[in-house]
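A.B. asks: Now for the letters of each chain:
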Amino acid sequence: MSQPVVNNNRQRPPSVLIAEDDQALRELLSFALHRAGFSVACCNNGLRLLEMLEQGIDDASTAADLVITDLRMPALTGLEVLEALFDRPNRPPIICMTAFGDAETHRTAIRFGATHTIDKPFDIDEMIELVRAVYKYNNNRTKE
Amino acid sequence: MRLTIRITAAITLGIVLIFSIHSYLSIQREREQLKKNLSREARNLGESLLFIVTEIWDSRGEKAALAFLSRRNLLSPSLPARWVWIDAEEGTKFSPLLPGSKLTELSNGEPLSLLAGSDDGHDFLLTYLPTINHSGRIGAIEIRESMDELHDYVQESLRRSAMVVAAAVISGLLFMTVLGSLWINRPVRRLREQAERIGTGDFSTALDVGGRDEFGALASTIEQMRGQLAAAKQAEEKATREQIEALEKLRHTERLATLGRLSAGMAHELGTPLNVISGRAKLITNEDLSTEETVHSAKIIGEQAERMTHIMRQLLDYARRGESRKQLVDVSELLANVVEMLHPTANKQRIEIKLELPEEPLLARADLGQLQQVLLNLAINGIQAMGQGGTLQITLNPHPTIEKQLKISLCDQGSGISAEDLPHIFDPFFTTKEVGQGTGLGLSIAQGIVNEHEGQIKVDSTLGEGSCFHLSLPLADPGAENA
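Going down the list, the sequences are from chains A and B.
Just add 101 to the spot in the first sequence (first one is 1) and you have my numbering.
Just add 157 to the spot in the second sequence (first one is 1) and you have my numbering.
Treat the hints with care, since some could be wrong.
[To be verified] Each pair of labels, with its calculated beta carbon distance range:
no.: 1; chain 1: B; residue 1: Lys456; chain 2: A; residue 2: Asn191; range: 37 to 43 Å
no.: 2; chain 1: A; residue 1: Arg189; chain 2: B; residue 2: Gln545; range: 19 to 25 Å
no.: 3; chain 1: B; residue 1: Glu509; chain 2: A; residue 2: Glu205; range: 40 to 46 Å
no.: 4; chain 1: A; residue 1: Asp159; chain 2: B; residue 2: Glu516; range: 44 to 50 Å
no.: 5; chain 1: B; residue 1: Leu620; chain 2: A; residue 2: Arg189; range: 38 to 44 Å
no.: 6; chain 1: A; residue 1: Arg113; chain 2: B; residue 2: Ala438; range: 27 to 33 Å
no.: 7; chain 1: B; residue 1: Glu394; chain 2: A; residue 2: Ala204; range: 46 to 52 Å
no.: 8; chain 1: B; residue 1: Asn443; chain 2: A; residue 2: Arg208; range: 30 to 36 Å
no.: 9; chain 1: A; residue 1: Lys237; chain 2: B; residue 2: Ala414; range: 41 to 47 Å
no.: 10; chain 1: A; residue 1: Lys237; chain 2: B; residue 2: Arg507; range: 35 to 41 Å
no.: 11; chain 1: A; residue 1: Lys237; chain 2: B; residue 2: Asn443; range: 20 to 26 Å
For the record, the hints were derived by calculation from the structure and aren't laboratory data.
Note that beta-carbon positions come from the ideal geometry of N, C-alpha and C, so glycine has one too.
In isolation and in its complexed conformation, chain A is listed as follows (with noise of 0.2 Å):
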């Protein structure tokens, strides 16, 4: 887990953007990742992920390589980024984060455009495995 994501495109690591209204989580989160190899960003409601995503995490040269994304969020949830989202063509990857919820929830959110689901609590060790899979995957796919 410690050894580091190669990335062969560009010269920065992979950057995976997280939204979550729990700085706890957050935290944990970033750090995590952080230590797996990954630039990370943080926001804490729907809105700002949304401007982060069509402005870039700093500026436009940024952009997010993979969104880690709590469903339920303060100003805008999940589920409506995802649906702003919907329409965009090289959107990254968006990986959801719901709590306890329902099948209908997870359908709903892949019906929406999300690569992945994952129920609260979740290992973080899965979590990290998720990200480095579905981040592999995405860049495979691109580079083809």
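Fit chain B to the known structure of chain A by using the hints.
C.D. replies: Same frame as chain A, but now just chain B:
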């Protein structure tokens, strides 16, 4: 007992009256009979004497006749006879004892019997047997009979009658007393005792006085009444029990429904800290963290555990079932808790909750869980009425018009309630929400709970602008509670 006395008195009076009339009539009749006998006897005697005297008078003259009468009187003094001339002057030797005016019938030659009283109070029966002599003068034998014997007889009869009446009265009284107590007093007393027992609400045992008389009939009527009362009481108790059970069930259902609505939020609330804890724990175990990072992670684990404990406690407080357990509740604190619990729901719908609390604490004596349920229900209703966006204003104040009460107002900016729905919103199962969205029990249960706390819920609403629910509750006296 009074009834017995009355009946006894009436019957005794009747006995006395009948006996008296009977005695009076018998005595009268006997007296007449006796008088008739006496006068007949006197007449017989008089006729014999008249015949003898007339014979002597004719053969030996007046003197011899009168001497005969005198001699005869000496021999038989009980019925003295004398010779009278009807036309003799009063007070002379041959004048009759009765005045001449009463003796006019004698001139017809008919015998006559009359009663006369003497000066010393004795009564006499005077019998005259007339005869007309040669010169046409009317003379008569006058026989005097004392009535003392008759009086004595009447006295004796009266005395006997009185004794019989007295004996009848006494034995009647005794008889009636015994029978009255046996036939009237005892059943009446038993009836009264049992009726009193029924009067106190004890319908348990059947009423039985026994007998086939009117008391028995009355007792069986009362027994029927008792049966119906007992049945009615049982039915009422059953209805009350069912009502309580139904209410309890309703409350439980509503509690579960509210719990369901909240559980999504709860899952979010608990899921997140759980996630953080497990993640941090893994970091500590798996990674070669610096001491500083390890300590930081451990601290975060502690904080998150604390946070979960807090949430669990709130959940338990909310979900705890059972009897109403009243305690002193700081309403400000309760409202703050409620607002905290509502945060996820409100955030999801982008609704701001404004909580306005007074500076001094307001205490109410209430069941914390139930009051929390009421406030959550009202607040969630408000949030649901607003849909997306808006402000839910919650205000706590001492009641502005009612002394020793507090007032909680929950005002939303939602769709409001139409005038025709307004009178029904507290009815059970009344809901304007879509099928599956609400049970229609929340407000009715909230009202029930508030009423149990001797409070009131009032609502004012403008369609399209929002609704305000005003909840008033009695203020608790903290001095009395602390003891």
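A.B. asks: Give a verdict on every hint.
C.D. replies: Comparing the hints with the structure gives:
At about 41 Å, the beta-carbon gap between Lys456 (chain B) and Asn191 (chain A) stays in the expected band of 37 to 43 Å. With their beta carbons about 24 Å apart, Arg189 (chain A) and Gln545 (chain B) fall inside the hinted range of 19 to 25 Å. At roughly 28 Å, the beta carbons of Glu509 (chain B) and Glu205 (chain A) sit outside the given window of 40 to 46 Å. Distance hint check for Asp159 (chain A) and Glu516 (chain B): the Cβ-Cβ separation is about 47 Å, which falls inside the suggested range of 44 to 50 Å.
Between Leu620 (chain B) and Arg189 (chain A) the CB atoms are about 41 Å apart, so this pair conforms to the stated range of 38 to 44 Å. Between Arg113 (chain A) and Ala438 (chain B) the C-beta distance comes to about 31 Å, which sits within the given range of 27 to 33 Å. Separated by about 48 Å at the C-beta atoms, Glu394 (chain B) and Ala204 (chain A) satisfy the suggested range of 46 to 52 Å. Between Asn443 (chain B) and Arg208 (chain A) the C-beta distance comes to about 33 Å, which sits within the given range of 30 to 36 Å.
Separated by about 46 Å at the C-beta atoms, Lys237 (chain A) and Ala414 (chain B) satisfy the suggested range of 41 to 47 Å. Under the hint 35 to 41 Å, the C-beta atoms of Lys237 (chain A) and Arg507 (chain B), about 37 Å apart, fit the expected range. The hint said 20 to 26 Å for the Cβ distance between Lys237 (chain A) and Asn443 (chain B), and at roughly 21 Å that hint holds.
Violated hints amount to a single one, hint 3; each of the other numbered hints is respected by the structure.
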